[in-house]
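Visitor: Each chain, letter by letter, is given below.
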Amino acid sequence: MSVINAKSNGTPKVGVYVCHCGINIAGKVDVQATVEFAKTLPNVTVATEYKFMCSDPGQELIQKDIKNGLVDRVVVASCSPLMHEPTFRRAMSDAGANPFLFQMANIREHVSWVTLDKAAATDKAKALIAAAVKRIVLHRPLEKTKVPVKPDVLIVGGGIAGIHAALTLANAGRKVYLVEKEPTIGGHMAKFDKTFPTLDCSACILTPKMSAVRTNPNITLWTYSEVSQVEGFVGNFKVKVTRKPRYVKEELCVGCYECVEACVFKKGIVKDEFNVGLSRRRPIYIPFPQATPLVAVIDPESCVQIKRNKCKKPCVDACERDAIDFNQKEEIKEIEVGAIILATGFKTFDASRISRYGYGKYPNVYTSLEIERMVNAAGPTGGEVHLANGEKPKAVGIVHCVGSRDSKTNAYCSRVCCMYSLKLAHLIKERTGAEVYNFYIDMRTPGKGYEEFYDKLLKENVHFIRGRVAEISDWSTIMDEEGKLVIRVEDTLIGAVRRIPVDMVVLSVGLEPHADADSVRRMFNISCSHEGWFLERHPKLAPVSTFTDGVFLAGACQGPKDIPDSVAQAGAAAAEALVLVDKGFVELEPNTAYVQEEFCSGCKTCVGLCPYSAITFDDRKNISSVNGAMCKGCGTCVAACPSGALQQNLFTDEQILQEIEGVISYV
Amino acid sequence: MSYIYYPGCSLKGTGRAYEESLLAVFKALELELEELHDWNCCGATSYMSVSELKAFALCARNFALAEKQAKKSGTTDLVVPCAACYLGLNKAKKYLDQYPDIRTKVDQALATANLSYNDNIRIRHPLDVLVNDIKREDITAKVKRPLNGLNVACYYGCQIVRPYAEFDDQENPQSMNVLVRALGAATVDWPLKTRCCGGSLTGTVQSVGQQLSYFLLREAIRRGADVIVTACPLCQFNLECYQNEMSGRFDAPVHIPVLYFTQLMGIALGIGDRELALQRLFVPFKPKAIMRQVAGGANVGN
Numbered sequence: 024m025s026v027i028n029a030k031s032n033g034t035p036k037v038g039v040y041v042c043h044c045g046i047n048i049a050g051k052v053d054v055q056a057t058v059e060f061a062k063t064l065p066n067v068t069v070a071t072e073y074k075f076m077c078s079d080p081g082q083e084l085i086q087k088d089i090k091n092g093l094v095d096r097v098v099v100a101s102c103s104p105l106m107h108e109p110t111f112r113r114a115m116s117d118a119g120a121n122p123f124l125f126q127m128a129n130i131r132e133h134v135s136w137v138t139l140d141k142a143a144a145t146d147k148a149k150a151l152i153a154a155a156v157k158r159i160v161l162h163r164p165l166e167k168t169k170v171p172v173k174p175d176v177l178i179v180g181g182g183i184a185g186i187h188a189a190l191t192l193a194n195a196g197r198k199v200y201l202v203e204k205e206p207t208i209g210g211h212m213a214k215f216d217k218t219f220p221t222l223d224c225s226a227c228i229l230t231p232k233m234s235a236v237r238t239n240p241n242i243t244l245w246t247y248s249e250v251s252q253v254e255g256f257v258g259n260f261k262v263k264v265t266r267k268p269r270y271v272k273e274e275l276c277v278g279c280y281e282c283v284e285a286c287v288f289k290k291g292i293v294k295d296e297f298n299v300g301l302s303r304r305r306p307i308y309i310p311f312p313q314a315t316p317l318v319a320v321i322d323p324e325s326c327v328q329i330k331r332n333k334c335k336k337p338c339v340d341a342c343e344r345d346a347i348d349f350n351q352k353e354e355i356k357e358i359e360v361g362a363i364i365l366a367t368g369f370k371t372f373d374a375s376r377i378s379r380y381g382y383g384k385y386p387n388v389y390t391s392l393e394i395e396r397m398v399n400a401a402g403p404t405g406g407e408v409h410l411a412n413g414e415k416p417k418a419v420g421i422v423h424c425v426g427s428r429d430s431k432t433n434a435y436c437s438r439v440c441c442m443y444s445l446k447l448a449h450l451i452k453e454r455t456g457a458e459v460y461n462f463y464i465d466m467r468t469p470g471k472g473y474e475e476f477y478d479k480l481l482k483e484n485v486h487f488i489r490g491r492v493a494e495i496s497d498w499s500t501i502m503d504e505e506g507k508l509v510i511r512v513e514d515t516l517i518g519a520v521r522r523i524p525v526d527m528v529v530l531s532v533g534l535e536p537h538a539d540a541d542s543v544r545r546m547f548n549i550s551c552s553h554e555g556w557f558l559e560r561h562p563k564l565a566p567v568s569t570f571t572d573g574v575f576l577a578g579a580c581q582g583p584k585d586i587p588d589s590v591a592q593a594g595a596a597a598a599e600a601l602v603l604v605d606k607g608f609v610e611l612e613p614n615t616a617y618v619q620e621e622f623c624s625g626c627k628t629c630v631g632l633c634p635y636s637a638i639t640f641d642d643r644k645n646i647s648s649v650n651g652a653m654c655k656g657c658g659t660c661v662a663a664c665p666s667g668a669l670q671q672n673l674f675t676d677e678q679i680l681q682e683i684e685g686v687i688s689y690v
Numbered sequence: 068m069s070y071i072y073y074p075g076c077s078l079k080g081t082g083r084a085y086e087e088s089l090l091a092v093f094k095a096l097e098l099e100l101e102e103l104h105d106w107n108c109c110g111a112t113s114y115m116s117v118s119e120l121k122a123f124a125l126c127a128r129n130f131a132l133a134e135k136q137a138k139k140s141g142t143t144d145l146v147v148p149c150a151a152c153y154l155g156l157n158k159a160k161k162y163l164d165q166y167p168d169i170r171t172k173v174d175q176a177l178a179t180a181n182l183s184y185n186d187n188i189r190i191r192h193p194l195d196v197l198v199n200d201i202k203r204e205d206i207t208a209k210v211k212r213p214l215n216g217l218n219v220a221c222y223y224g225c226q227i228v229r230p231y232a233e234f235d236d237q238e239n240p241q242s243m244n245v246l247v248r249a250l251g252a253a254t255v256d257w258p259l260k261t262r263c264c265g266g267s268l269t270g271t272v273q274s275v276g277q278q279l280s281y282f283l284l285r286e287a288i289r290r291g292a293d294v295i296v297t298a299c300p301l302c303q304f305n306l307e308c309y310q311n312e313m314s315g316r317f318d319a320p321v322h323i324p325v326l327y328f329t330q331l332m333g334i335a336l337g338i339g340d341r342e343l344a345l346q347r348l349f350v351p352f353k354p355k356a357i358m359r360q361v362a363g364g365a366n367v368g369n
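Sequence order for the protein chains is C and G.
Per this note's numbering, the very first residue in the first sequence carries number 24; after that it's consecutive.
Per this note's numbering, the very first residue in the second sequence carries number 68; after that it's consecutive.
Errors might be hidden in some of the hints.
[As the list claims (entries may be wrong)] DMTMM-like, lysine to aspartate or glutamate: derived pairs with alpha carbons at most 25 Å apart:
| # | chain 1 | residue 1 | chain 2 | residue 2 |
| --- | --- | --- | --- | --- |
| 1 | G | LYS161 | C | GLU483 |
| 2 | C | LYS204 | C | ASP539 |
| 3 | C | LYS167 | C | ASP539 |
| 4 | C | LYS384 | G | ASP164 |
| 5 | C | LYS431 | G | GLU97 |
| 6 | C | LYS335 | C | GLU284 |
| 7 | C | LYS384 | C | GLU414 |
| 8 | C | LYS384 | G | ASP236 |
| 9 | C | LYS431 | G | ASP236 |
| 10 | C | LYS507 | G | ASP164 |
[To be verified] Among chain C residues calculated to face chain G with C-beta under 8 Å, some are:
| # | residue |
| --- | --- |
| 11 | ASN194 |
| 12 | SER375 |
| 13 | ARG379 |
| 14 | TRP498 |
| 15 | THR628 |
For the record, the hints were derived by calculation from the structure and aren't laboratory data.
Even for Gly, the Cβ is constructed at its ideal location relative to N, Cα and C.
Pulled out of the complex, with its shape left as it was, chain G reads as follows:
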């Protein structure tokens, strides 16, 4: 199976580890990703709140390019790993579907660039692809290093399932948990899996932003998690980068590796550490050492 791949800016910058591990895992599972040629910014949350119409036009350009590329590559599925891009593109697609006045203006904008959008693309999250397009036993069959004994907290963040819930439950999503369990690991019961990580507040009002991240980390540790996995570049950054600062600021110290879910999958699939960009982590996760450590440990959670 093949897909058109929309990386977005984060996966080329702070979220490089996400891109590198995603490409490696998809390759290992024989899923082809072909980067969208000449893609542009999704508008992110900031443009959306300043001028929705311009944000929709930005997204629509990507759709139009994807449709063009689809003619050659034969797939209309656009895989969008970044949570913010995924939400933004989904929102644009829905608005273009539902509001003819917005659609007319966006169509005009596209026409000036000799482009058109004809509703022929599907927006897919990698989790959606990995849970729905391939059989779970096919993943399990490719596992070379089962993660037995490892307790994982799966963190979805706020954007992937809300508000659109395209492929998973809005309030209690399961897709990442299902994938992680297919690798042999256990997932901990952690009711904060869709709670806010602080978002951009960690950059603007640090005390509030870090407080939010801190609750997530402390509770995951309390519930026996060895590692947190996520599918959002900003969540990963917030949860990982301020752990030292938070440990000083709040009552209990927090220290726990925060990985992209694709990195954890790659470890289980036997892909090399560097290919999975594990060296880019600030809180190190050394598979060999950790697996040795948990092998004797108690298994908690479900």
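Okay, chain C solo, but in the shape it has when bound:
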């Protein structure tokens, strides 16, 4: 950013262009009256109106007046600057004017769309135009700065979204760092048996992609690792990644399982995370046979050698490649990347939070993720669905919307549960022949082939009962309920309360942001919705960008998503990242802060306040200075500076005061 010397040839010449926006503005604002009003304002040389200022003929109006020397500063009274500021700035540039001698008066979102009374709307539009004219006179020509972009990309999270984004970028020839906090990539998808609605085997479609990640020379895969620090800005991020010690040398281990077999614990002693607690693993383990990388890991919480330094260490003897290293330490990797894609995924709702459903109390009440593992041929039961006592269930109830569509837990719909409940209903019926009851509020199956799958389930004689389940309990009112779990529900189609006895209950838990989502979003300096999902820049037109340039979103970290949507979004995020790094440079907005050195008292108030670490303190000169490339123009330091030494381009005190005066003087 730099300030070009203003062409101060006489008084400023302001052009005011009022947009009708069809009837969006003209329906409420008397456009003609605002134009007549603008003509009376000081420094205004041209005031006119047009049906659509953003159209080519509208832009040409401005360009013609600039070229003819009638105007050198432009006010467009139309919509939000978020919508068309770039359009008009570009039009000015093309006509040879400095694009920052431009100001928008938002008379659509701030006036016509929100004001019922026509006269009041016209008055407010006039006030906003007066304010813009007052301020534009003080605008100075500014220039965008070009900063080169680092070519590599960081992807955080190795689920299906992160994997797909990594492969897309790597195949485009980009170097990618893929960071995953678990010992293996694969995420939730690796745990599933089948995927809806096609019922193709989850592992069969996922594992080839996992091994492609492992073998692609453009991908650096760091599992069991977490991003610990992010500095810098778009195109130039400096990132620290902490690699936790796995006590097994990754470059030597071949995943032969000899060490696991040799462990002093002949039975599992720790709840197996991959089987969501349905089985137990040993302190040294490989998460599952297709884990990527296929490398053992030692859990320091349960390994007696690490905890108490008291083990015969048979694992060390068993390893022919001397891969086990109890002295391994945490390692910090520092990398520089141009773009970051967050694909950190979700966690499932903790069903024990709804005590009336009895999860954690009744052994035959399971979560859907537990059943996913149970129906998986490679899971803890070899694909058999059975009760805690080993018997096959004769009746199974699947409870939808557990932790979804409920103001007490999560108000939103988790989007995937209807479909995965249908899938589980099919698989349970196939494996056990049991009567399967689905308890739903609404069936939501809007996807390609989804409604057809629902239809198929109806034909398979799966029962569907519309109503939110009130309670699951183990006490009976009649003989048929003895020894069963009883699901009490209001069947809203027949208008009666029913008690359905079953042997097994599946709670279709919803999707939630990770517990650490808030600290992650702070680290990457992005926003989140009130539920905790990472916030996209625009819900429709910028669904994978964030408000921090250069940070993109993929998959369920942005909101509940199924596999097809996650993959589609990952592809889009990869493409956006590619656009950024392939361009090679970024242009930075010049709305940055700067220090007027003669006024700076060296109090350092600003240094600690800057959320972007853009302010440094010069101890020799005893003043602060702003790094224009890192400043985001948030204005925090400017507002805080006690001596008024900090000013911000496009928002100087004088510009803001004049703008306020413009509104007030009109009113």
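Let chain C serve as the given structure and place chain G on it in line with the hints.
Guide: Coordinates of chain G only, in the frame set by chain C:
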């Protein structure tokens, strides 16, 4: 510690045993209860459903009187033992807080009686006081007759924790269980602890009302309970008074003592049977005999 005490009509009538045992237990634990002077009906569930505004005005009069009395007694806590009164007063307080139009009308009504309500009272249930105002070990220390071996089903009924859940979980309340365990007894896992006892249906549509009470009793017995304790005069009445009739009407006979939780506490604290109004029970609970009986019995539940 001292509290203003709002008895309500039940504790002076069918629920006399509740009042007598409550006063005895609070005294033993050195908690002072000072009855609200000139208190009136809380409006109960019936007035609430006929005219909410009048019910709120009735409650507000009690609040205004309590505030007046608070100036002398120095406490703003109003202890309300009856479940229906507790719910009604809580509801009135919440509505007066939240709805200015109701508040204006109620304030006007109070003004005609030279009274005013200034939001300076707290409504407390005795369970809330006993769990949150005194330490559990202080209760345990005062236990003279530990109830070891006794299996208790703690029954909260529908009104104490729903819908407001002021001091305990709405769906799986624990405060009474915690108190009972502090006395040395075990509590049985009984998922019906907040289910309807039949309420006034036992008087109007007996077959339905008794069916509801019957499930509670049968299931408590099945789960090994020696006694049920409750904190609601109507629940106590419904569960206790029709046991003979229910035994004839339904498949399995039911016979189990139903006490106020304060009566059971009093027994453990060594208070005399008559002071605890045990003679008012229809299904007798003779501490000595029962404790002798359970001493050799198996301990079930948690």
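Visitor: Let me know if the C-beta of ARG379/C comes in closer than 8 Å to any C-beta of chain G, holds or violated.
Guide: holds (5 Å)
Visitor: Hint check: LYS431/C vs ASP236/G, CA-CA at most 25 Å. Holds or violated?
Guide: Measuring from Cα to Cα gives roughly 13 Å; hence the hint holds.
Visitor: CA of LYS431/C to CA of GLU97/G, is that 25 Å or under?
Guide: Between LYS431/C and GLU97/G the Cα gap is close to 39 Å, so the pair fails against 25 Å, i.e. violated.
Visitor: So if I understand the rule, the pair passes when the alpha-carbon distance is 25 Å or less; does LYS167/C with ASP539/C pass?
Guide: Distance of about 36 Å is beyond 25 Å: violated.
Visitor: Does the CB of THR628/C sit less than 8 Å away from some CB of chain G?
Guide: violated (42 Å)
Visitor: Within 25 Å, alpha carbon to alpha carbon, are LYS204/C and ASP539/C?
Guide: Holds: LYS204/C and ASP539/C sit about 12 Å apart, inside 25 Å.
Visitor: Go through the hint on ASN194/C and say holds or violated, using the shortest Cβ distance to chain G against 8 Å.
Guide: violated (52 Å)
Visitor: Identify whether the interface hint at TRP498/C stands, where standing means a beta carbon of chain G within less than 8 Å of its own.
Guide: holds (5 Å)
Visitor: Quick one, are LYS384/C and GLU414/C close enough, alpha carbons at most 25 Å?
Guide: holds (19 Å)
Visitor: Given the proposed pairing of LYS335/C with GLU284/C, does the C-alpha separation stay at or below 25 Å?
Guide: Holds - the C-alpha atoms of GLU284/C and LYS335/C are around 14 Å apart, at most 25 Å.
Visitor: Are the Cα positions of LYS384/C and ASP236/G separated by 25 Å at most?
Guide: holds (16 Å)
Visitor: Just to be careful: measuring from the Cβ of SER375/C to every Cβ in chain G, is the smallest value less than 8 Å?
Guide: Violated: closest Cβ of chain G sits about 11 Å from SER375/C, beyond 8 Å.
Hint compliance for this structure: hints 1, 3, 4, 5, 10, 11, 12 and 15 are not met, and every other hint is.
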